[in-house]
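Participant: In order, the protein sequences belong to chains A and B.
By numbering that gives the first Met the number 0, the letter at position 74 of the first sequence is numbered 73, and the numbering carries on one by one without gaps.
By numbering that gives the first Met the number 0, the letter at position 298 of the second sequence is numbered 297, and the numbering carries on one by one without gaps.
The reader is advised that the hints may include incorrect statements.
Claimed, not checked - Rough simulated footprint, nothing fancy, chain A against chain B, three-plus residues with beta-carbon under 8 Å: (1) 123-130; (2) 214-222; (3) 266-276; (4) 404-416; (5) 422-435.
Just so you know, these hints were derived from the structure itself, not from any lab.
Glycine is no exception: its CB is placed at the ideal position from the N, C-alpha and C atoms.
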Amino acid sequence: MTRWTRLRENSLLLLPSVILTVALGIYPLIWVLRYMFYDYPGYGAETFVGLDNFRRLLRDAAFWESVRNTFVFAGGKLLITVPLSLLLAVILNGRLRGRHFLRAVFFMPTVISTAVIAVVFYLIFNSYNGMVNQLLMKYHLIGSPFEWLGPKHAMLTVILAAAWGAVGNYMLLFLAGLQSIPHDLYEAASIDGAGPAQRFWRITVPMLGPVMQIIIMLAIIASLKGYESIMVMTEGGPIGKTEVMYLYLYKLLFPVATSGAVVDQQFGYGSAVGFTTAIIVGIITAAYYAMSRKMNKVF
Amino acid sequence: MWKKSLGLGLTAVLAIGTAACGNSSNNGGASSAPASTAASSSPAASSAAPSKASGDKAVITYWTDDRHDQEYIKSLIDKFNAENSDNIEVELTVLSENYNQSVDIAFSSNKAPDVLRLKSANTETFVKKGYLAPIDEYVTDDMKTKFSSLLLDGVNIFGGKLYSLPNSGQTLRLVYNKDLFDKAGIANPPQSLQEMVDDAKKITAAGKSEGAYGFALNFKNPKSAFDRSMREILSLSGYQGLGYDLKTAQFDFKPYSQVVEYFKQMWEDGSVLPGAETLDIDPMRAQFAAGKIGMYLSFATEPGVYKDQFPTTINWGAALAPTLEGKQVGTSEIVSAGTWLGISDKSKHKDAAWKFMAYMYQDDILTAYHEQGFGISVVPSIAEKAKNPDIPGMEGFLVGEHDSIWPVSPSVTPEGANYADAFFKYMLGGGDVSKIVTDLNTRYNDALAKAVEKGDVKTQPDPSFDPSKLGS
Numbered sequence: 000m001t002r003w004t005r006l007r008e009n010s011l012l013l014l015p016s017v018i019l020t021v022a023l024g025i026y027p028l029i030w031v032l033r034y035m036f037y038d039y040p041g042y043g044a045e046t047f048v049g050l051d052n053f054r055r056l057l058r059d060a061a062f063w064e065s066v067r068n069t070f071v072f073a074g075g076k077l078l079i080t081v082p083l084s085l086l087l088a089v090i091l092n093g094r095l096r097g098r099h100f101l102r103a104v105f106f107m108p109t110v111i112s113t114a115v116i117a118v119v120f121y122l123i124f125n126s127y128n129g130m131v132n133q134l135l136m137k138y139h140l141i142g143s144p145f146e147w148l149g150p151k152h153a154m155l156t157v158i159l160a161a162a163w164g165a166v167g168n169y170m171l172l173f174l175a176g177l178q179s180i181p182h183d184l185y186e187a188a189s190i191d192g193a194g195p196a197q198r199f200w201r202i203t204v205p206m207l208g209p210v211m212q213i214i215i216m217l218a219i220i221a222s223l224k225g226y227e228s229i230m231v232m233t234e235g236g237p238i239g240k241t242e243v244m245y246l247y248l249y250k251l252l253f254p255v256a257t258s259g260a261v262v263d264q265q266f267g268y269g270s271a272v273g274f275t276t277a278i279i280v281g282i283i284t285a286a287y288y289a290m291s292r293k294m295n296k297v298f
Numbered sequence: 000m001w002k003k004s005l006g007l008g009l010t011a012v013l014a015i016g017t018a019a020c021g022n023s024s025n026n027g028g029a030s031s032a033p034a035s036t037a038a039s040s041s042p043a044a045s046s047a048a049p050s051k052a053s054g055d056k057a058v059i060t061y062w063t064d065d066r067h068d069q070e071y072i073k074s075l076i077d078k079f080n081a082e083n084s085d086n087i088e089v090e091l092t093v094l095s096e097n098y099n100q101s102v103d104i105a106f107s108s109n110k111a112p113d114v115l116r117l118k119s120a121n122t123e124t125f126v127k128k129g130y131l132a133p134i135d136e137y138v139t140d141d142m143k144t145k146f147s148s149l150l151l152d153g154v155n156i157f158g159g160k161l162y163s164l165p166n167s168g169q170t171l172r173l174v175y176n177k178d179l180f181d182k183a184g185i186a187n188p189p190q191s192l193q194e195m196v197d198d199a200k201k202i203t204a205a206g207k208s209e210g211a212y213g214f215a216l217n218f219k220n221p222k223s224a225f226d227r228s229m230r231e232i233l234s235l236s237g238y239q240g241l242g243y244d245l246k247t248a249q250f251d252f253k254p255y256s257q258v259v260e261y262f263k264q265m266w267e268d269g270s271v272l273p274g275a276e277t278l279d280i281d282p283m284r285a286q287f288a289a290g291k292i293g294m295y296l297s298f299a300t301e302p303g304v305y306k307d308q309f310p311t312t313i314n315w316g317a318a319l320a321p322t323l324e325g326k327q328v329g330t331s332e333i334v335s336a337g338t339w340l341g342i343s344d345k346s347k348h349k350d351a352a353w354k355f356m357a358y359m360y361q362d363d364i365l366t367a368y369h370e371q372g373f374g375i376s377v378v379p380s381i382a383e384k385a386k387n388p389d390i391p392g393m394e395g396f397l398v399g400e401h402d403s404i405w406p407v408s409p410s411v412t413p414e415g416a417n418y419a420d421a422f423f424k425y426m427l428g429g430g431d432v433s434k435i436v437t438d439l440n441t442r443y444n445d446a447l448a449k450a451v452e453k454g455d456v457k458t459q460p461d462p463s464f465d466p467s468k469l470g471s
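In isolation and in its complexed conformation, chain A is listed as follows:
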């Protein structure tokens, strides 16, 4: 096979991916980069507004509150998801009876639609007839319905729902990492008198370093971008307490028209918000990656 033939074959094989990337990735990205300097509701004239959309973004308190909420949501989800999925992976990597069944059980939420998970959590936690409140009231642990999805506790509830949906996925990734650790290391450590805790901290954690670095990075990105369960459970409410930045962006691009009035789509401002949120997520991800380099070199 000549070099020319190989090049042609390789190009042909790459072509579908290139076409899809250009059509669905690069082309719309160019539109985003263009529209963020325009005022455009989806019809009529496009008005060039220079940096006005970014000036508006700087004074948009609701957007910055959504950024703050995103950090709380992502932080809370990570704090629950990563340790819990690691713990489950370690337990289910042992010789526990029924571990294959339990792995399937814990992985199950990953294959369920996020919207369905959110609906189920809504049915469990809503104040007026949720199962949790009914149980608590039945056993007289509370006198009146507790506002799980009220302004004070809604964020915690949506974090729990999101974490429940994600734990199984990360557990599986950790499990794959654990199974790649040579068993000899544990045997040698046991002969040297190391207990379970020492084996975990001295062998498991360091050996999982590179895998953990990637898993945490994926978890950070997913947590910062996650909004689907929130949209179903609270729509960002009450009073914006669970409004995360991608939900805020979604509402700008796909506003809900009520019976009262038409709500214009805000492509220009939405593009500016989309660009800014991408930069925020990108910076955090890059910062994490830079700070976590050591995880790659622990052994």
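With chain A held as given, fit chain B onto it using these hints.
Facilitator: Just chain B now, kept in the frame of chain A:
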């Protein structure tokens, strides 16, 4: 145009789904909502059966998002297909959801329907987007006479051209549970907002031990909740219901804030169903049907809901909304009343589309539409002769002396939170209401000024506007 539309669609999806540089496949099964939105916007549901062999037949498509009347509409279309002498065949598509986005996609991909169901919430946008064809050249003198009092600028007329004709409208009422009112010793529904606050408190005191509370609304979406409640309270109290002052042609949310204070009081009294801030409209209706809510406000769709969707054994009724002072200074606004069907500007069969439209606007069809309870007729000649629909609860929603269509208020998109979100935040979290009103007035009037400057909106102050004269 299609390039731009395609670009816009992809831009929206990209801005949400992929702008954040990472992949989303790791999100515990989280899939992208925009993608599902686009997917679910494909036409679903049903088509009326074609009845003739093709030839020179003009096949036209009619898209609607009305589900409640689809069997009736289907039967009308079957009859039209079988009997029309112009070799026209109509295909009906009933969309399940995301109607506006489906229409956008259809127009951007040159697959637009010939006839569209229009509502007050989307007509102006569809006209601005160039989706609709004017129907002035088709409308006969008889039709002009029949609908004359209902042809309004900004409702069905835009830029001096007529785009649709009215059929039915929605009245809004206070919906109340008579059993809970009886139990609390209240004889009649409240006339004033203070009475509403007091009644909600009494109902809660009498019913809380069994999970029944005085008041609720679908506060998960504050705008949807307020636009079905505040709007009527304000219009009956003599103020435009969406915060627009028709006398000055400026937004002024001061009257709105006065109504909000009473809602806030009910919240602070503990008279609102716990968890109402997370309620969508249907879960709220389910709670009302279960006898857990004393009263709420909503559209004339409610009788149909309690007949079919949430059949209930409770004894309920509908009454005019309470007002600020307990007196009806204005009239209860009939909403979504000026439009029904419209013709696509892209249609290759506009004449055929009009023949179908003219058929649908015949007296006997409009009359049956009202009598079967699909909507309350706002066409005077129909409303006069039609019998009342035989649906429990509908009697409270029928158009009466206190109902009228109001002049249209301009739609603007302000920077920051909309009025409903801002006031709901005040209801739950408190704050300085005068500052909130000032902020809303500033942002809405800035947006109005920009819209006027761009030519999207026309405003005309009417210093002599008198809400008590509406409908007379």
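Participant: State for each hint whether it applies.
Facilitator: Verification of the hints:
1. 123-130: It holds, with 5 qualifying residues against the three required.
2. 214-222: holds (count 5)
3. 266-276: Holds: 5 residues of the segment 266-276 of chain B have a Cβ under 8 Å from chain A.
4. 404-416: holds (count 6)
5. 422-435: holds (count 4)
Of the numbered hints stated above, none is contradicted by the structure.
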